[in-house]
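Asks: The chain contents come next:
Protein chains: 2
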Amino acid sequence: MKKWVYAFADGDGKDKTLLGGKGANLCEMTQIGLNVPPGFVITTEACLHYLDSADQQMPAEVMEQVREEMARVEKATGKRFGDPQNPLLVSVRSGSAMSMPGMMDTILNLGLNNETLQGEIEQTGDARFGYDAYRRFIQLFGKVAMGVSDELFDAEFEAVKQAARVTEDVGLSAEDLQEISERFLSVFEQNTGRPFPQDPYEQIEIAIKAVFNSWMGKRAVDYRREFNITPQMANGTAVNICTMVFGNRGDDSATGVAFTRNPGTGENRLFGEYLVNAQGEDVVAGIRTPKPIDKLDQEMPEMARQLAELRDRLENHYKEVQDFEFTIEKGTLYCLQTRNGKMNATAMVRSSVDMVHEKLISKKQGLLRINPDHLEQMLYPRLDTNVRVDPVAQGLPASPGAAVGQAVFDADRAEQLGKDMSMKVILVREETKPEDIHGFFAAQGILTSRGGKTSHAAVVARGMGKPCVAGAEGIRVDVARREAYVGDHVIKEGDLITIDGSNGNVYFGEIDTVEPEFTNELNQLLKWADNKSYLRVMANADTPEDAERALKFGAKGIGLCRTERMFNAVERLPIVIEMIVADSLEERQAALDKLLPIQRADFRKLFETMAPLPVTIRLLDPPIHEFLPTENQLEDEIENLRHLKNSVRGLDVLASSMLLLKEMNTEGEAIPDIVDINLVEKAIETKEMMLRKVRALTEVNPMLGHRGVRLGITYPEIYRMQIRAILEAEAECAAKDLEVHPQMMVPQVCSAEELKWVRRYVDEIKAEVEADTGHKLNCRFGTMIEVVRACMRADSLAKQAEFFSFGTNDLTQATFSFSREDAENKFLPMYNQNLILRDNPFEVLDSKGVGKLMKLALQWGREVKPDMSFGICGEHGGHPASIEFCHQAGLNYVSCSGPRVPVARLAAAHAALNNS
Amino acid sequence: MKKWVYAFADGDGKDKTLLGGKGANLCEMTQIGLNVPPGFVITTEACLHYLDSADQQMPAEVMEQVREEMARVEKATGKRFGDPQNPLLVSVRSGSAMSMPGMMDTILNLGLNNETLQGEIEQTGDARFGYDAYRRFIQLFGKVAMGVSDELFDAEFEAVKQAARVTEDVGLSAEDLQEISERFLSVFEQNTGRPFPQDPYEQIEIAIKAVFNSWMGKRAVDYRREFNITPQMANGTAVNICTMVFGNRGDDSATGVAFTRNPGTGENRLFGEYLVNAQGEDVVAGIRTPKPIDKLDQEMPEMARQLAELRDRLENHYKEVQDFEFTIEKGTLYCLQTRNGKMNATAMVRSSVDMVHEKLISKKQGLLRINPDHLEQMLYPRLDTNVRVDPVAQGLPASPGAAVGQAVFDADRAEQLGKDMSMKVILVREETKPEDIHGFFAAQGILTSRGGKTSHAAVVARGMGKPCVAGAEGIRVDVARREAYVGDHVIKEGDLITIDGSNGNVYFGEIDTVEPEFTNELNQLLKWADNKSYLRVMANADTPEDAERALKFGAKGIGLCRTERMFNAVERLPIVIEMIVADSLEERQAALDKLLPIQRADFRKLFETMAPLPVTIRLLDPPIHEFLPTENQLEDEIENLRHLKNSVRGLDVLASSMLLLKEMNTEGEAIPDIVDINLVEKAIETKEMMLRKVRALTEVNPMLGHRGVRLGITYPEIYRMQIRAILEAEAECAAKDLEVHPQMMVPQVCSAEELKWVRRYVDEIKAEVEADTGHKLNCRFGTMIEVVRACMRADSLAKQAEFFSFGTNDLTQATFSFSREDAENKFLPMYNQNLILRDNPFEVLDSKGVGKLMKLALQWGREVKPDMSFGICGEHGGHPASIEFCHQAGLNYVSCSGPRVPVARLAAAHAALNNS
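As you go down the protein sequences, you meet chains A and B in turn. Our numbering puts the first residue of the first sequence at 87, with every later residue one more than the last. Our numbering puts the first residue of the second sequence at 87, with every later residue one more than the last.
FYI, nobody ran anything at the bench for these hints, they're computed from the structure. Don't take each hint at face value.
[Stated by the list, open to error] Chain B is faced by these chain A residues, among others (derived, beta-carbon under 8 Å):
#1 I799
#2 C836
#3 W843
#4 N895
#5 Q899
#6 S903
[Stated by the list, open to error] Heads up, simulated BS3-like pairs for lysine-lysine below, C-alpha to C-alpha not over 25 Å straight-line:
#7 B:K938 to A:K885
#8 B:K510 to B:K102
#9 B:K938 to A:K842
[Stated by the list, open to error] Cβ pair distances, simulated, as ranges:
#10 A:Y571 to B:V656: 43 to 51 Å
#11 A:Q945 to B:D498: 56 to 64 Å
#12 A:R781 to B:E771: 27 to 35 Å
#13 B:D574 to A:R781: 21 to 29 Å
#14 B:E771 to A:G233: 55 to 63 Å
Keep in mind the model is a prediction, meaning the values are calculated, not measured. Note that the Cβ used here is the ideal one computed from N, Cα and C, for glycine as well.
Go ahead and model the full structure; you've got the sequences and the hints to work with.
Replies: As structure tokens, this is what we get:
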């Protein structure tokens, strides 16, 4: 005979498929010796069998086995199901292999009827308790098993309350509750067309069928469709029948919930609360204030001792912090439920380290129980979760972390207030440009009303580790008036605002933030992680400050230094523009000669900061027109200047300058003392020249344009300057006997010839620098793999390079033919929503497309050079799933933004532990 | 003893490595029985041996063998080398395995000295001949073997001419020439420090060494480096020693050149010219006018008979039209040289077909001897090559063929003159836009001053098969003045100009053009080609007219119909714009409802034209903003309208409209009778609305933007309309019992989910149309493979598609991360020049990168669906090298523009024949 029903003492605690999650859990708890009220599970197979049957008949065997198991429960409890003297009451719960919230409510107190009720009252000596239990059972059974509307019961309940003139339920007497029970029985009969079943076995059979039927109910079916729960994941529901225990049986009874450790701090100490003489739902309802668990020591010392024992047993068995429910019925402690405790990152880290030290878990377990992404919480300031305020606008979460400050609307003002006057400011702009960079340095955070996650503001803020909300379209900025508008509201300069770059929210006023904490425990944990990892975690860092931060986060080198960030600094940009607009090689060289010592110093500082770790410098990548103002900007400026010129010409010079002085003041521009028409004309000329250059450099598809190595080959003097700066910086370090490991890499490469070409510059300049300084240089030479063709030609590129670094941002764009900025604004959300693409490939590495290409490149590259070092320095380098892919594919390192380094270190350990 | 020297009668005619090209050729000619003057070849091995020797000594054996072979020549000719009575004279020529023009000049008449000269004079009875031969020998030997400057000899020559008071060389007497010979001997002695060598064997040894040394001379080394000639291709030079024969020995002597067939027409008849009593160089010098070869019949009938025999022997042996040189010395016909004749495409085609019919060659040989690219000559009008005029400007060869017409500067005027008045016009524009399309139809050709090979003008002209020169930057167009400027020149409307779209040249005035000819022979040849091919050649065609032309060119179906071309037609564009700017689904649907019958009629006509061949329709591909005016255009229009509004407001309405009437007239715009301010305001509103839409649709990288299937999924109503139009058109054909084979394909696909999505539309609409019409529909469903990820996911895409068509234009852009428009303007020319990339990958399929991807896609696709049909419909589909790649990779078809179809058909045959 098939076994359809398992006692908690018999079922396999691992077999969630058969017993459901809850059922398996109750079996496991019982079998490890916890005092679980006795009970049994009816299997999911019984459910499927029932649903498949033509006439929806329960197999006769099922009810037979229910009776057998009930007999065992009766023996264990000394009560009898349906016994008018000492009745056994049970709860009936659904439970499938996957947790599916709200599938079917629990029925409590099943087994009560007009007769057993009296037995229960006699046994407890508490009529009020008895009637209260009965009326609850009738309502739950009516609603859950028979579909009688709650409202019908509630109306009767209210009527009795009114008649009794009480406002709170606790004010109702035993008689009132008896009255309610009787009315409920009538409601039941009127609405089901049958009297309330008095036979407990009839009750239980109806309840079991109701649970089974609920599996195919609309709510459950919709839920499974919505969350893609397949029959492989959960098929049918089990039914859990469990003896009722009551915490409201007097002062020797209680009920409570607890964590085995503090879920806020991770401290190794029981954490929770309880109520004496109460039911579980009283704790939840919040009518009475529960006591902290510490008090139990005084109130019920024996129970407190047993609870401590329970706590140890739970952790010893589950090797995880437990969140459990208990009930004390007349001096007996029962454990009703337990599950892994949900904790914040700080608590997770601390408890991991503690549990390893306590030898409760291994280091591997300690690492694997923490989701790497959650670490990020610990590394950015975040809004205090206790504060609940509605955001006034929402943009894209462009750079994580929260910031509070006074709103300012241009970079100069940000610098003035933020740097010079040490005030906290938030830079609010329509969008930002390279010339706003000093404003970034001075601000706590950035808020823009236009642009996406790859906008200038987003990229720069992420690089600096400052919070940024980008593209908050509800906000209009009026720089001239020093105001911004959100709906009907005005934000004036100086008004406090708060932004949360982790979710894109913008708030008026100051919201408390919680500062990040890089704890000793975190350091300890990440050291263990590093020991388990195969992948080396490096950081993307563009400045010595970035590098210092990266070191603090435990980066093992710099995997990507974007030299264009150095070009964008406010005092350098004019020289860079000079270089770009140069008409002759001589002019360009003159500008480059000014940049050389600046870049050399940049690189030297980076090398010094990181010594002896490697520093990987990418030669100039973006198209040069990115450093120039836009066509529209220049056209506006020229128009303004022409206007100025005409005014100057038409009026007396002084008068006009006074006039302009006023006009310009409203725009917050610098004011010349006297307007010299010659200067104006010269300015017009310069701007027009720049406009011509901008137009000449305009590209249809800049992403696929004249950039990277293509620029380095057509304007060799630019790359030669950078290569010289790197090598001279290395030589300067060598002169100080500092061990440094510089690496340079070439972006946008598609053929080996390009690498050869650049390599020739390197060889030649290296020979010169070595001859000039007398130091042997060791700078390594590598290439980005970010063009699809570079993957295809990895074999031939491998002959020219000492290392490969996958640039998965660009590679993803080219592989999908998606321009990130266009895609994320126009169709990608719709694609993700409709599961045409499951993930945003710019956030989660697309292993089936981009990843497949990478694997081919790895294979072909290593065929030529088996020990070739492969890395990744796209944004994917900081994302756990992508890191796991990198580990599996056989990469050597990942490089990501500084604050993602801890996340990546843990993810790298996970990857190694899960794939060994 | 090693053999260093081979008689013409002994050497292996195929061993160019050993004997050089010329030497091997002379051996072959001799051995097939042609009357070649006797001689021998000194091998390239002797050359290398000599150059390797420490002291540059000729191996003694070499000169020994030269003497032996000379003895055989003496025996054959009855003359003796150095014989004062009857001297043997020889020529000495270099000759390596590869033809290397100008490596070393020939030395003629070697063997003459003061003594043998007298013998020669006695033998010929012609003192003038003798001294002329001697002075030539001295100069050539002096210059070529000893490096004495030509100028020194020429000065003496001129001095004697002046003294003799003659202007032409022929005026010189025997005595003058004797004087010259003596002066030349002195020049030689003065400049070499030694007397002119009198021993013929000393002469020949010096000459041989000079030839050997020339192999390492600067000119030769540079040439080999420049053209990448490796030692594997040619190593060392041979020396050819050949008996001198003279066509200037009297009226029974002559010299000439001939083709075995007419190189202009291919006619099977000897074609050439000759001069009686003349030397070869006289024919070249053009002093005397040679006679057509026909005349020889009358002048020397026996010689004419022998020449006809020679011609047969040549063609029978070489199986190719020969271009040969002959000399008749005193009634004996010698053949001095022969090579394959260079002919135009028409002649190549005709001679191939004739030679096959004559059973001289096989069909395979007949096909393989014609370079497919050359066929293009026959398919476009071309400039008469006899006319030599300098171009006034040059642009990009954007669409091949030549055209002559009156310059017009806007599309309306082009239509007016070209269509309504049937004049030939060339549309000259800065750049063209979709709204110019009616001008294209009316014009003979298009000339633009901006844009590249993928500009609107280029793409549309190529599609129409009209000549186009694009981006001729030297030309400025002033539409308002109806003039264009090239340097100082003005082109006024109506001025005749000529453009050559095959090379990008622009000419003033009318240059004669030669019309294309699709001859019977070409048809015959291409039929043979089709029989040998594996690849099926289809055409890209967007209209029924295109389709008819494609049929004429022998296309076996349409591989790509770009529906956006249909959208661009002048009467449809407004409806398309209506659809794009629609704010609601209803408005958009209303516009689509207007487009549906138009598209359905388009498709039906295409199907009818091509029935029963397949017609492949690509669903809408470009981003929709391409159909809208640009931001700048709209801004200008709005400004103009505002200006108009202000004028109207400020002045009396009628007066202002008169004013505007004048203003607008200069711009050639339509003139309203009365300007209604309400209409103007409404127009402003409309334009502003459109401007907002244009801005909203703007993309950073349109190539990677919201287009193709991404559009089809986000605006399903557009694709649904097109799918319905295709299926209803099929049903209409079915109703007429016409067998048609429509195919639809989806552009820009990157994942199988996208295909599933579109397939759902198809299945649903197909069921509807079938139900409505009662006809079973068979339209096939396929996908473009033009996104890199589509290649990576070919296995999963194969499950959703019935055929794959590689879009190599887009695939190349994505694989290289090159935007074609940007690359071709900015860095690609430099890349090609410096061999960083050998070819422009947009013209020649990049087999190592793009091709490798394609092969992976083929492999993975066929693993899932072994009989999957693969094609290519990028521009590469019409290029022979790419077609060979497609054949090797295992594609099933190529599709290219109509006029490339014949080229592709021949190339497909070549691919099959060369790879079987």
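Asks: Just tell me: holds or violated, for the beta carbon distance of D574 of chain B and R781 of chain A against 21 to 29 Å?
Replies: holds, 26 Å
Asks: Please verify that hint: N895 of chain A, Cβ, nearest Cβ of chain B, below 8 Å or not.
Replies: violated, 12 Å
Asks: Just to be sure I understand the hint, the distance between the Cβ atoms of R781 of chain A and E771 of chain B should be within 27 to 35 Å; is that true here?
Replies: holds, 31 Å
Asks: The hint says 55 to 63 Å between E771 of chain B and G233 of chain A; measuring C-beta to C-beta, is that right?
Replies: holds, 59 Å
Asks: For the hint on S903 of chain A, does the least C-beta distance to chain B fall short of 8 Å?
Replies: This interface hint holds because 4 Å falls under the 8 Å limit.
Asks: Within 25 Å, alpha carbon to alpha carbon, are K510 of chain B and K102 of chain B?
Replies: Violated, because 54 Å separates the two Cα atoms, which is more than 25 Å.
Asks: Taking 8 Å as the limit, does the beta-carbon of Q899 of chain A come near enough to a beta-carbon in chain B?
Replies: With a minimum Cβ separation of about 6 Å from chain B (threshold 8 Å), the hint on Q899 of chain A holds.
Asks: Tell me if the beta carbons of Y571 of chain A and V656 of chain B are separated by a distance inside 43 to 51 Å.
Replies: With Cβ atoms ~44 Å apart, the hint holds.
Asks: Does the interface hint hold: is I799 of chain A within less than 8 Å of chain B, judged Cβ to Cβ?
Replies: At about 7 Å, which falls below the 8 Å cut-off, the nearest Cβ of chain B leaves the hint on I799 of chain A intact, so it holds.
Asks: Straight-line Cα separation of K938 of chain B and K885 of chain A no greater than 25 Å?
Replies: holds, 19 Å
Asks: Does W843 of chain A hold up as a contact with chain B if the rule is Cβ-Cβ below 8 Å?
Replies: holds, 6 Å
Asks: Just to be careful: measuring from the Cβ of C836 of chain A to every Cβ in chain B, is the smallest value less than 8 Å?
Replies: The hint holds - C836 of chain A has a Cβ within 8 Å of chain B, the shortest such distance being about 5 Å.
In summary, the numbered hints that this structure violates are 4, 8.
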